[in-house]
Amino acid sequence: MDWDIVIGIETHVQLKTNTKQFSGASTKYGSEPNSQACLVSMAYPGVLPVLNKESVNSAIRFGLAIDAEISPRSIFARKNYFYPDLPKGYQISQFELPIVGRGKLSIDIDGQPKDVRILRAHLEEDAGKSSHGVIEGKSGIDLNRAGTPLLEIVTEPDLSSAEEAVIYAKKLHNLVQWIGICDGNMQEGSFRCDVNVSVKRKGASELGTRREIKNLNSFRFIKQAVDYEVNWQIERLEDGGRIEQATILFNPESGETKSMRSKEEANDYRYFPDPDLLPLIITDKDIEKIKKIMPELPEEMKTRFEKDLGLSGYDAKGITSSRDVTKYFLELIDLGANAKLAANWVLGNLFSQLNNKDIDILDSPISPSQLSSLINRIEDGTISNNAAKKIFEILWGNTGKKVDQIIDDLGLKQISDSNEIDGIVDEVLKNNLTMVEEFKSGKEKAFNALIGQVMKASKGKANPAQVSSTLKEKLSK
Amino acid sequence: MSINKEEIKKVAHLARINVSKVEVDQVEKKLVGILALIEKMQEVNTESIEPMSHALDINQPLREDKVTAKDIRDKSLALAPHSEQSLFIVPQVIE
Amino acid sequence: MLNLSLKKLSQALEKKEFTSVELTQFFLNRVKKLNPSLNAFITVDEAKSMAMAEKSDQLIQAGKKTMLTGIPIAQKDIFCSEGWKTTCGSKMLENFISPYDSTVIHKFNDIGAVNLGKTNMDEFAMGSSNETSYFGPVRNPWDLNCVPGGSSGGSAAAVAARLAPAATGTDTGGSIRQPASLCGFTGLKPTYGLVSRYGMIAFASSLDQAGPMAISAEDCALMLDVMTGHDEKDSTSLDRKKENYSNFLDKKIDGLRIGIPKEFFEDGLNSDVQKVIQEALRQYEKLGAKIIDISLPNNHLAIPAYYVIAPAEASSNLSRYDGVRYGYRTKEYDDLMDMYFKTRQEGFGDEVKRRILIGTYVLSAGYFDAYYLKAQKIRRLISNDFKLAYEKCDIIMGPSAPSVAFKSGEKQEDPLAMYMQDIFTISTNLAGLPAMSIPAGFINELPVGLQLIGNHFEETKILNAAHIYQKNTDWHLKSPKGID
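Line by line, the protein sequences give chains A, B and C. The opening residue of the first sequence carries number 1076 in the working numbering; numbering runs sequentially from there. The opening residue of the second sequence carries number 7 in the working numbering; numbering runs sequentially from there. The opening residue of the third sequence carries number 624 in the working numbering; numbering runs sequentially from there.
By construction, these hints were calculated from the structure, which means they are not laboratory data. Ideal Cβ placement from N, Cα and C applies to all residues, glycine included. There could be a bad hint or two in this list.
[Claimed, not checked] Stretches of chain C that chain B covers, calculated by requiring three or more beta carbons in the stretch to come under 8 Å of a beta carbon on chain B: (1) 774–785; (2) 796–809; (3) 920–928.
[Said to hold, decoys possible] Here are the computed distance ranges between Cβ atoms for each label pair: (4) C/G1032 to A/E1107: 49 to 55 Å; (5) C/G759 to A/D1258: 51 to 57 Å; (6) C/K687 to A/G1105: 43 to 49 Å; (7) A/D1361 to C/E637: 46 to 52 Å.
Modelling step: build the complete structure from the supplied sequences, incorporating the hints.
Written out as structure tokens, the structure reads:
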């Protein structure tokens, strides 16, 4: 039996602000418990919320980035429920009129573009944290995170596989960092996805019942959780079972999803407009102001790199896959590196090393200035590609060393002097008459053997391209 | 519309307020009375009327993103019914 | 010191006829003597008040005196005051020492006024008789068997019995004006947003507004000068130029158009009260004002709409009292749920619980449109009625309360009868208008209040009309027997 998979994602993006959504308390991560829980974070009697300007600007940025309607008037509402890490007994969110309306994010599925429709994005606040077992049978509440600004981004159910879900999540993850509204730190919970999954018979028009996998904070978990959940749902339906709407948790250790014991048996959040907050009005002028300071978006930059720098589509996409990679790349270009070589080196050797060692490009042991000198030396013929790889290894291990110095120290400078190469080639031809004969009698292989001899005679330093052309020239005489 | 004991139970649960069996009759009687008073609203047609959430037609002001709050942890933990290791302690939260 | 207006007290302090320490001690002594029978105060802290008075005297010595410097003010126990117990009349906050100052308290502290103590009130400001307080009922100084009105009943009794020269109150549906009427003094609820709500414990956020309670309109104007002003900590605080509320007190009221809504004189109004109000209106005509008949056709829907909106907001506002971070927590509990349920059952009184239940109900799935949304639409209708009315008149007048002070316990078991106490005051909260109550006469030695309702931001207009009346009458100067 064939099944369609239908996936929608709600992402909680923690906004990169100094202070909380509704108070002047710091949002710094990892501080002493409750040291950033101000009067408002702790919901003291009488305290009131005042909205953070920066989170509004962040939401506008996001709206512009996904080509969405930005509501001229949006409303904050209270979502009422009891939980010890929710100090007010309600979360301030947006319900009927969110700040960002419909937009879209284009993702790349096997080279084909696909638009994922964004239904809405709204501002809200995070809850605190409960930790269990601090004291036997008790929970401890830390309200440092309570009130941290979030932008919740909700898609239409447009994704149709775990892979697509991950591609979307990665693309969104890049975008929110790119436009500077989120630090993207998934370990610290700055980017968390709730994934709605349902399945239906292939081609059926009616959607199946969905289950919502809560709080996935890694791309790997999204993949694993969705795969598991899809299989679970299909198996259940094929066994004649039914799917009940549910909120579920993914357990990374077992790789399984499991129903949560319900926070509130019958969820009835009793949303109503927060009387402590007034309508948020955003004018065209406000939007224009943000437009002016919006960075070039990844898509725009990708097209520009293809057109102006002659990068392949593949390379341009790789280079714009994250703002930090782009930044690194642009520094190489500024330092005079050849764009194509630079893209190759970043996406090739540098990426494979960074990935191997799980290092962020920001912390790359090889600085853009080192890599650019390396690339420049390749381009001006000073060193061969092989030598460059050797130097790259050395740079990786010894930060701070100069490329030119390594070339000198190890004598890696390639021989590009045509007189010198002429001399070596002549010498090799003289000493390998058999090979020359073989070549002349039509054995192409002999040519390569002769190149090998020249390289050997030059101790590997002769410029291979030059060797090849000199040999060809001399043999054709 | 009016309220019955079943609904009172549901609402009391949402509001996390115990209404004991002894109290429920009294509570029901009073809530039914209040709801009857509220019911008067249905006399008037409000179809095309814009709901009014705020007394004045003004807009939300925005706050500069600057840290202004003071660390009041010691004071606040001292006010808590139970705190240890800088945390507010409650019975185990079950997920 | 007794019966002196704020202006006179201020002048005397200025001229060093007495010090703030002496003045504060004088009123503290009165509190000591009379509070046991009135129960107007929840917290009196003589040492703290006297320390503030000493500081105020230093300010005066240093020539840094402003109008209310050194004057003791009774503060409703709804205003968070750093270092002071702030209970909001509830067991839930019985031992809550506020770690911060509300903006109102901050403003009084800032100019060197003295906090005389925290006054009793209906629990979380929900009540019209001050009988829902966890700290016991407040008694009316005019008749100890009667209620003082509510919810600012403690402040009301304190001002009426001259335990304090002036007090603060809050008004969500009439909680300043109704007790002012029942206790025979002047009380003003400003335009919504004029006084910051920061640190004022919330009952119904879109309706709550703090205001002054004092002997005269002139005193209220001076209090208002201190209390108003934009506050960045309150999103609903109005950002407008600060006014001087005493500026136009003496302006002639020739030709002032006074609108009389016919709905205020229909069912529910005690006929003796009606007579007193009509006499006051005749007085206004004598003073040159013109009486104009107007209509507020949706006024009868104000109470129904209010008893949806206020409980809805309250049910949510009071969710924070969960026994986790501060305040009351039940002694014994099995688990988290049990802790929540018992804490809230034991920590809240009956009226508060009733309103939480009603509020939860009207917001719950399936009822939101029929109740909450409907009430918000009616709120618009009521507000529109006032807009139309102010095209024809300058201020609106009528009774503040349907009757004089009633006997303690009389309406305690009948919430509906109690809710009718606010029949003339609630609509102005829904519309956010400024309104005041001034003494206009007596029925069987119990005071009757006249209500003056202004258009938005027209506090000066109602203060002016009230002041002119008070210059020509002496109802506001009468004080109950047995308090000297």
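Against the structure, the hints:
Here the stretch 774–785 of chain C counts 0 residues with a CB under 8 Å from a CB of chain B, which misses the bar of 3, and the coverage is violated. Check on the stretch 796–809 of chain C: 0 of its residues sit with their Cβ under 8 Å from a Cβ of chain B, so the three-residue criterion for coverage is violated. Chain B is given as covering the stretch 920–928 of chain C, and this holds because 6 residues of the stretch bring a CB closer than 8 Å to a CB of that chain, at least three being needed. A hinted range of 49 to 55 Å for the beta carbons of C/G1032 and A/E1107 is consistent with their spacing of about 52 Å.
For C/G759 and A/D1258, the hinted distance range of 51 to 57 Å is satisfied, since their beta carbons lie about 55 Å from each other. A C-beta distance of roughly 46 Å is found between C/K687 and A/G1105, which places it inside the suggested range of 43 to 49 Å. Separated by about 50 Å at the C-beta atoms, A/D1361 and C/E637 satisfy the suggested range of 46 to 52 Å.
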